[in-house]
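Heads up: the protein sequence lines correspond to chains A, B and C, in order. Counting with the numbering used here, you get residues 4 to 235 for the letters of the first sequence. Counting with the numbering used here, you get residues 113 to 347 for the letters of the second sequence. Counting with the numbering used here, you get residues -2 to 254 for the letters of the third sequence.
The set of hints was computed from the structure by calculation and includes no laboratory data. Virtual Cβ for every residue (Gly too), placed ideally from N, Cα, C. Heads up, a few of these hints could be off.
What the hints assert, rightly or not - Here are the simulated distance ranges between beta carbons: (1) A:Glu39 - B:Asp331: 51 to 57 Å; (2) B:Lys335 - A:Glu39: 25 to 31 Å; (3) C:Lys212 - A:Val55: 37 to 43 Å; (4) C:Lys247 - B:Glu339: 54 to 60 Å; (5) A:Val55 - C:Asp13: 29 to 35 Å.
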Amino acid sequence: MSEEKTIQERKVVIPGETLATGMEYLPGHGTHRVNEEIRASWLGLSEYNGSVIKVIPLKGAYIPREGDRVIGVIADVSYSSWDVNVFGPANAMLGIGDASRSYIELGEDLTRYYDIGDYIYAEVSKVSKSMFIKINMKDKMFRKLNTGLTVKISPVKVPRIIGKKGSMVNLLKEETGCTFIVGQNGIVWIKGETRQQELLALKAIKYVENNAHMSGLTDTMKEKIKEWKQNE
Amino acid sequence: MSKSIRPDGRKVDEMREAKIELGVIPNANGSAKFTMGKTVAIAAVYGPRELHPRRNQIADKGLLRCNYDLMSFSVSERKRPGPSRRDKELSLVIANALSSLVFLDKFPKQVIDVFVEIPQADAGTRCAGICAASLALADAGIPMRGLTGSVSAGALGETVVIDLDKEEEDWEAGATDMPVTYCPKTNLITSLQLDGEISKKNFFNALELAIGKAKELTDMQEKALKENYKGGSEE
Amino acid sequence: MKEYIKLIGAEGLRIDGRKLDDYREVKIETGVSAKAEGSAIVSIGNSKVIAGVKMEVGEPFSDTPDEGGLMVGVEQALIASAKWEAGPPSDEMIEIARTVDRGIRESKMVDFTKLCVTKGELVWRILIDIYPLNYDGNIIDASSLAAVAALLNARFPKLDGKKVVYGEATDKKLPINKIPLTTTFVKIGDAVMVDPNDDEEELMDSRLSISTTGKDSINALQKSGPGGFTPDEVKDMIEKSFKIRKVLEKAVGVKSA
Chain A
4 MSEEKTIQER KVVIPGETLA TGMEYLPGHG THRVNEEIRA SWLGLSEYNG
54 SVIKVIPLKG AYIPREGDRV IGVIADVSYS SWDVNVFGPA NAMLGIGDAS
104 RSYIELGEDL TRYYDIGDYI YAEVSKVSKS MFIKINMKDK MFRKLNTGLT
154 VKISPVKVPR IIGKKGSMVN LLKEETGCTF IVGQNGIVWI KGETRQQELL
204 ALKAIKYVEN NAHMSGLTDT MKEKIKEWKQ NE
Chain B
113 MSKSIRPDGR KVDEMREAKI ELGVIPNANG SAKFTMGKTV AIAAVYGPRE
163 LHPRRNQIAD KGLLRCNYDL MSFSVSERKR PGPSRRDKEL SLVIANALSS
213 LVFLDKFPKQ VIDVFVEIPQ ADAGTRCAGI CAASLALADA GIPMRGLTGS
263 VSAGALGETV VIDLDKEEED WEAGATDMPV TYCPKTNLIT SLQLDGEISK
313 KNFFNALELA IGKAKELTDM QEKALKENYK GGSEE
Chain C
-2 MKEYIKLIGA EGLRIDGRKL DDYREVKIET GVSAKAEGSA IVSIGNSKVI
48 AGVKMEVGEP FSDTPDEGGL MVGVEQALIA SAKWEAGPPS DEMIEIARTV
98 DRGIRESKMV DFTKLCVTKG ELVWRILIDI YPLNYDGNII DASSLAAVAA
148 LLNARFPKLD GKKVVYGEAT DKKLPINKIP LTTTFVKIGD AVMVDPNDDE
198 EELMDSRLSI STTGKDSINA LQKSGPGGFT PDEVKDMIEK SFKIRKVLEK
248 AVGVKSA
C-alpha cells in the first residue's frame, strides 16, 4: 500500500526545479537548498519521505561510496597492489593485505592471484575526498569471477535490477535459472547452466534497464521472460 | 516601423522555430540536438571522468571543458577542418557559459567534457550550442543548479530584434549582434558579447528581451526532457 | 588569498588599497618606435604594453573593392610575466586578442573607404601588433588603449606608385572617425571591481570588457571567466564604463564626443 503512495508521488523533475518551499523540509540525495526552496539537482524522479525530499537519478555516472559492493576489472599489477577499473571516476586500489582471506607474502607474484583482465567482486572500503578509492576482498563472498557473462548497465538502474528487498533479481533468478551478482557500479555478472539461460538473463537485464521508470515492472518481467522462453 | 523589416517576415521579438532531440549520441553520457531555424547544433557530454594530464587536475573541484567545432561543410564557403582561432575562443566562451551551472565541487580532479558540433550554420551557432549543451548536461544526469538559455539579441539599425539569422547579421546597413546566455534559476548572465554599435537605451532593451527569451528556451528544454520520460512515471 | 580578497571586497576595499571603482593611473607615450608607422606605450598602473602600427598596400577583397582593412593582434610575450609558458597561445590569450581586435575593428574607428588608393586595385591595410611588456592585470584595456594611441600617432608612409617607401612618413593622419575605449571589470565573490590587477584577474570568477565609442554608444562586449553577472550588475557596469570613458579620453588626448 505505502509503495503505491510513494510511486504516485514520483514525478520527473529537471535540475533546478523547486520541489518544496519552507525550512521544515530537508534536502535529501539529489537536491539542494536555495534560500527557503528545496530544488532538484539532477534529472530524476522526485520522492517525498516525510520531510526529506530526494531525487532518484534517471541517469548518471557511478559515484563510489564506502560499503558499495562492486565488480571490477584488474587494470594493472604492481609489487604490492592491484590497480582495478571499477568503471567510476577513478581506478581503485586493492592492496596486498586486503586481497584475499589467505595471507599473501610480499615478493610473491601477484598475477598468480589476479591478473590483468580478471573480473573480481569486491567491496569499497574507503573513498577519500580527492577520489582515492580502496577496495577489499577479505570476506568469503568476494572472489575472482571466472566464468559467466558480464554486462554494464547504468549504475542508477541498479536499485531497479535488485528491486525492493531483492524482488526483481530474485524473479530473474527464478525465471532464467541463472546466478546473478549485481555490482553497485553497474556491472552485472550472470552465470547459468547453459549459454541459452545466460543470454535470456542478459535480455531481461537490458529490458529492466530500459524500462526502469515503469511501474508494475516486476509483474511485466515475469510475463516477458515466459514469452521469450516460449518463442525460443 | 514597417510591418516586417525582417527578411523572413518574423516579428522583432520572435525567435526562429526551435526543435529539440535528446540522446542523439548514444555513446555519450548525455546528448542533444538543438535546432534554431536553419542552425543546427549537436552537444554531447562525457563525464565526469578522470582528468588527464594529472597536473591539470584541480584538487577540490572538477573542470568543465568544451570543444566547439564548426564543421567544414556547415557554412557556404568551406571552412578548413580543425580548430580555428574563432573555434578556440568559442570553446572557451561556451565552457565559461556552462561552468557555473554545474556543481563542480562534487567532482574533484575530474573533468566534464562537452563537445559541440555544428553541422549547419545560419548564425547563432554558439547560442544553439549552449542550449544543446544545457540539455545534454541534464540528460547526462550531471548535478546542476538549473537549465540555461542562450540567444542572440541585437539591432538592425535602430530596431531591437531577437535571434538574428545569417542574412540579418550580414545586413549591409549594419547589424549589431549580441549573444546572451542567462540561467533563470541562478539569475546570472554567463555569456555576453557584442559586435556592432548600439545606444545605451537599445542595449538595455535588447538585454531584457534576450533574458526573457532565454527563460522561454529553458521552459522548452524542460518540456523536452520531461516528455522523453513520459509513459512511465505517470502510471 | 582569494578568501581575503573576497572578504575585503565585501567592504568595498581592494588588495592594493583602491576602492572598487578606482581605475589605476594611466600613462601614454607615443612615437616610441622609429620604424613603426605609429606606436605607443601604455601603462595602467604597472601593466605595460607597447603597440606598433605597420601599414602595407595590396589588393582589396573582391566584395569590398574600395575598402582597406585593419587587424589587431595581441602577442603572448613571455617577458611580461613569470607565469606565462612558451608555446602556442592559450585559449585565454586568443580570447583576449580577439576581444581587443573586435573592439577596434568593429567600431568603425577607421574609415576603410578612405584607405583606398585605386578602387579594385590598391588599398591600404593597417596592422597593429601589441606586445605586453609587464603584466599586472587588465591587458585588455591596456592593449585597446595602446592600439588607439598608436593609430592616432600613425601617419601614412610615402607611396611611390604601388610601392611603400618605408622610413619616409607623410604628415597625413589616418582617417579616424571615432575613438573606441574599453573598460574591464571583474567579479570576485559578490564584489565587482574595475581595472583588475594581476592577483584580482587570476582569482576572478567572471570578467566583462565594455567598449564604448561615444557618450551613448557601446560597440563591443565580452564576458569571460566561469562565473556570471546578474542583470543589475551588467547595467551598473555599463553606466560606470561611460564615466570612466571620460578619464581615458583625457589620457589619450581626445575631447569627449
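Verification of the supplied hints:
no.	hint	verdict
1	A:Glu39 - B:Asp331: 51 to 57 Å	violated (23 Å)
2	B:Lys335 - A:Glu39: 25 to 31 Å	holds (26 Å)
3	C:Lys212 - A:Val55: 37 to 43 Å	violated (57 Å)
4	C:Lys247 - B:Glu339: 54 to 60 Å	holds (59 Å)
5	A:Val55 - C:Asp13: 29 to 35 Å	violated (48 Å)
Hint compliance for this structure: hints 1, 3 and 5 are broken, all remaining hints hold.
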